[in-house]
Amino acid sequence: MNRPQYQLNAIVAKFGGHVVGEGVAFINQVATLEKAQAGQLTFLANNRYRAQLAATRATAIIVRSEDAELTSLPRIVCRDPYVYFAKVSAFLNPTKPIVSAGIHASAVIGEGAHIDPTAHIGPHVTLGADAKIGAGCVVMAGCSIGADTVLGADSILYPRVVVYHNCVLGQRLIVHSGVVIGADGFGIAPEAGRWLKIPQIGRVIIGDDVEIGANTTIDRGALDDTIIGNGVKLDNQIQIGHNVRIGEHTAIAACTGIAGSAIIGSHCRIGGCSGILGHIQIADHVEISSFTMIGKSIREAGTYTGIFPFSSAQTWRKNAAQVRHLAELAEQVKMLQQAILKKE
Amino acid sequence: MNRPQYQLNAIVAKFGGHVVGEGVAFINQVATLEKAQAGQLTFLANNRYRAQLAATRATAIIVRSEDAELTSLPRIVCRDPYVYFAKVSAFLNPTKPIVSAGIHASAVIGEGAHIDPTAHIGPHVTLGADAKIGAGCVVMAGCSIGADTVLGADSILYPRVVVYHNCVLGQRLIVHSGVVIGADGFGIAPEAGRWLKIPQIGRVIIGDDVEIGANTTIDRGALDDTIIGNGVKLDNQIQIGHNVRIGEHTAIAACTGIAGSAIIGSHCRIGGCSGILGHIQIADHVEISSFTMIGKSIREAGTYTGIFPFSSAQTWRKNAAQVRHLAELAEQVKMLQQAILKKE
Amino acid sequence: MNRPQYQLNAIVAKFGGHVVGEGVAFINQVATLEKAQAGQLTFLANNRYRAQLAATRATAIIVRSEDAELTSLPRIVCRDPYVYFAKVSAFLNPTKPIVSAGIHASAVIGEGAHIDPTAHIGPHVTLGADAKIGAGCVVMAGCSIGADTVLGADSILYPRVVVYHNCVLGQRLIVHSGVVIGADGFGIAPEAGRWLKIPQIGRVIIGDDVEIGANTTIDRGALDDTIIGNGVKLDNQIQIGHNVRIGEHTAIAACTGIAGSAIIGSHCRIGGCSGILGHIQIADHVEISSFTMIGKSIREAGTYTGIFPFSSAQTWRKNAAQVRHLAELAEQVKMLQQAILKKE
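The listed protein sequences derive, respectively, from chains D, V and R. Going by our numbering, 1433 is the number at position 140 of the first sequence; the sequence numbering is gapless. Going by our numbering, 1554 is the number at position 261 of the second sequence; the sequence numbering is gapless. Going by our numbering, 1568 is the number at position 275 of the third sequence; the sequence numbering is gapless.
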């Protein structure tokens, strides 16, 4: 591959910061300190990687000003090397698949569907009646988009994404393979020992600049809509129940389950394998640890955790047995306190 | 959309209850108290929504007899407004996609497969040899159904469902996108530091009136079959291991994992993100909380829970540290009790 | 079905052990003690199933030498009946789907892709530019394989598997439906209240003899690669984050989440619904219980657990309330100890 290359001087002209050392050095890719080769730009954002500085084979490095003297390599000095690296990497590695506009012959397009002529519709895609695909969209192989659904401009759907009917998806969306948007929420009512299905007639509304990881599912609303705000980032295998609302720029790690009608604030960070019960409300700027179950609303920003700490199975067995008697133990301590008090 | 509309009188003629107020009022859709518009029917099932009664713009409302005087809107009075609403909504919003019978030209049909002439087979579907699709079935885009598999009448498979070979699926099934039925169970035997694969030669047998949420997986049996009873409702991203048996009318919420050979009773309700170990047996009418791990059999109906309660990360750190010393703490309390006793 | 049948003598000639009783008995399938019929071979590996011995209708049975006299059926005596059974079953039930070599007319093959003439490419498959499919591979309906990706010989991809571009997959791989390999890892950097996407330019490298369960996701590396060692067995709905490395012959049960850059040793066994935090290291031969969160590195082989034990919801409520005051309780016990000490 003949990758295009850029001088450090050109990089700082584009992204800010300043060069210390040879500004005419050329770089064509980013890499880690450990694996970087000649022609590659690396970065130091975390002190724990300082030990790798001496041995790196990178051509140049991005550093904070306080670290600028730790290396003699050509370097870009800036305030936040990780963010800087993210921008340079995005410049060198455009996310958008390189495809040509047009509709593959094997795609099946519903009546009244409107596809912008700059969009790409891949093989074996199906598009429902009256669906709308915006300018510059890339809809890859085997995606299925329901009737009346709208996909905003410059969005990418990787292979085998399913969007049900009547959903509204924003611009610059990135949706990874296996995602299902707009399936029925889990709405059932008990009657005489059986379950009646509650039709799910709401929609899914997704804002702009959202990314959704592989095999994540977002259910349509029961009556109202399920709403994902602008800039939300969802990792893989997340489950979003019906009528959930997620505020702008919240990020959620993999395998998290969010039950129906939960309302999550903006700028939250939710760890992986966590769970949020239905009808819960979570304030803005809340951080939730991995593997934590949120069973009541959180009204204040802050970090919240609830994890049973692991230990050797043997030790766990002894301690876990006591968990089952904790209330008794607390009662015994209270009685001891009273007994002592009485003797004084 | 010109939705068909119905008078309240026609609704009660069909579904029971009685009208208070204008029985000639027309409704064409259901909605929440908060979002309902003219022409829409809403319901009051939960006292916590009473405050929204005054402001609703609904044309009519479903209420219990004890709430009949809380509003002056035209109203349907009945025993269980939520169930009543479910039935009216199902009447106004038929779940079944409107498609025409027939086989799409791009579908690939195996030798000996039998498709009822009233069934719909969508684009890019593949059907294995000798598979059978019942009357009125809707198999949407990109589904793949293995050889010898049988799908009962009036079932719906949303886009990109996969059913492996030799499975037996009931009638009126609803299967959402991304579901995988009949993949191999996790059967491996250790030999000399490596794993031997155990062929999974059982089937998946699913009863009638079952619904399966998006991206849920149900493994085929190892030797015997995996069996899902009539009326079972499964939410999204559930994992059902090989040889599991689930009794009739049990409902399981999203992200739950059920390990191999577990046997779950009828009429159970299992919360989201919960886990059930292999070979466990669970009685009928058991309720399991979200985020709870069931590590031994449950012989009696009742509600069972095991969640580490969350708190601020700081508080959690202090308490979790003690969890690792609980057995010691209990021992210390016992010694204190003896010390006190000796002094008396 | 006219299944081929074999005499016990032929089985032991092939797989070792020796026959006690009629070596000329024919068997054509394996089954459990409980369900076996005439013509079937069963096994006794676990003492708890001894009670079923008397009633089995199997034609023959695999037993350990110490159990050889518990039955009068024709029997194969060997050291490890479960492993022996696994091998006979694999012989009688070849895992590989029976398909013919060649490329289905509906498949869409990218420029420069190389497909071995002995491989099978099913309907509606898409293959990116320069992808390589090895000898004897079976790529079933609707799979999508990205540009430059390599699939080793004799691998099976079940319907609707997605592999992104530039991944390297080994030989004799079994990948079940809905699996997504090589989607972007969750790499985001905060800047001014928004998230910047970090391009994920690493690959996924998978060794030989790996099996991957339905709807599991394995993200590509951020800068370096995500690496799955030889002989690794992954169950359904597992999430593997970017840059994770899993050592050889490790087995992981369903619904487990492994966060980015975790390094897991060889020969580990990880229970279902468990979680492993990012950047954690886990030694070889570590066993982790189901539903356990590993929040720091494990340096020694052994079994590790961290599960909140379940109880009736009522009992749980009382005990869980105390978990929130555990540090206080420990403090009170310490004070009591001092008070007692002072009195002595």
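The set of hints was computed from the structure by calculation and includes no laboratory data. There may be inaccurate statements among the hints.
Since the list can't tell identical chains apart, any single copy or any two copies may satisfy a pair.
With a straight-line Cα cutoff of 25 angstroms, these simulated BS3-like cross-link-like pairs (lysine-lysine) come out [as the list claims (entries may be wrong)]:
{"#": "1", "residue 1": "K1490", "residue 2": "K1307"}
{"#": "2", "residue 1": "K1328", "residue 2": "K1380"}
{"#": "3", "residue 1": "K1389", "residue 2": "K1635"}
{"#": "4", "residue 1": "K1307", "residue 2": "K1389"}
{"#": "5", "residue 1": "K1611", "residue 2": "K1589"}
{"#": "6", "residue 1": "K1380", "residue 2": "K1307"}
{"#": "7", "residue 1": "K1490", "residue 2": "K1380"}
{"#": "8", "residue 1": "K1328", "residue 2": "K1490"}
{"#": "9", "residue 1": "K1425", "residue 2": "K1380"}
Structure-based check of each hint:
1. In the homo-oligomer, the alpha carbons of K1490 and K1307 lie at most 25 angstroms apart only across protomers (18 angstroms), although the nearest pairing inside one protomer, at 56 angstroms, exceeds that limit.
2. For the homomeric pair K1328 and K1380, the shortest alpha-carbon distance inside one copy (20 angstroms) is at most 25 angstroms, but the shortest distance between copies (43 angstroms) is not.
3. For the identical chains of this complex, K1389 and K1635 are neighbours neither inside a copy (76 angstroms) nor across copies (74 angstroms), given an alpha-carbon limit of 25 angstroms.
4. Taking the shortest Cα distances, K1307 and K1389 sit within 25 angstroms of each other inside one copy (20 angstroms), while across copies they are farther apart (54 angstroms).
5. Taking the shortest Cα distances, K1611 and K1589 sit within 25 angstroms of each other only across copies (17 angstroms), while inside one copy they are farther apart (30 angstroms).
6. With identical chains, the CA atoms of K1380 and K1307 are at most 25 angstroms apart within one copy only, with a shortest distance of 10 angstroms there and 61 angstroms across copies.
7. Taking the shortest alpha-carbon separations for K1490 and K1380, only the inter-copy value of 8 angstroms comes in at or below 25 angstroms, while the best intra-copy value is 48 angstroms.
8. With identical chains, the CA atoms of K1328 and K1490 are at most 25 angstroms apart between copies only, with a shortest distance of 21 angstroms across copies and 55 angstroms within one.
9. Taking identical chains as interchangeable, the C-alpha atoms of K1425 and K1380 are never at most 25 angstroms apart, the minima being 31 angstroms within one chain and 33 angstroms between chains.
Of the hints listed earlier, those the structure fails to meet are numbers 3 and 9, in rising order.
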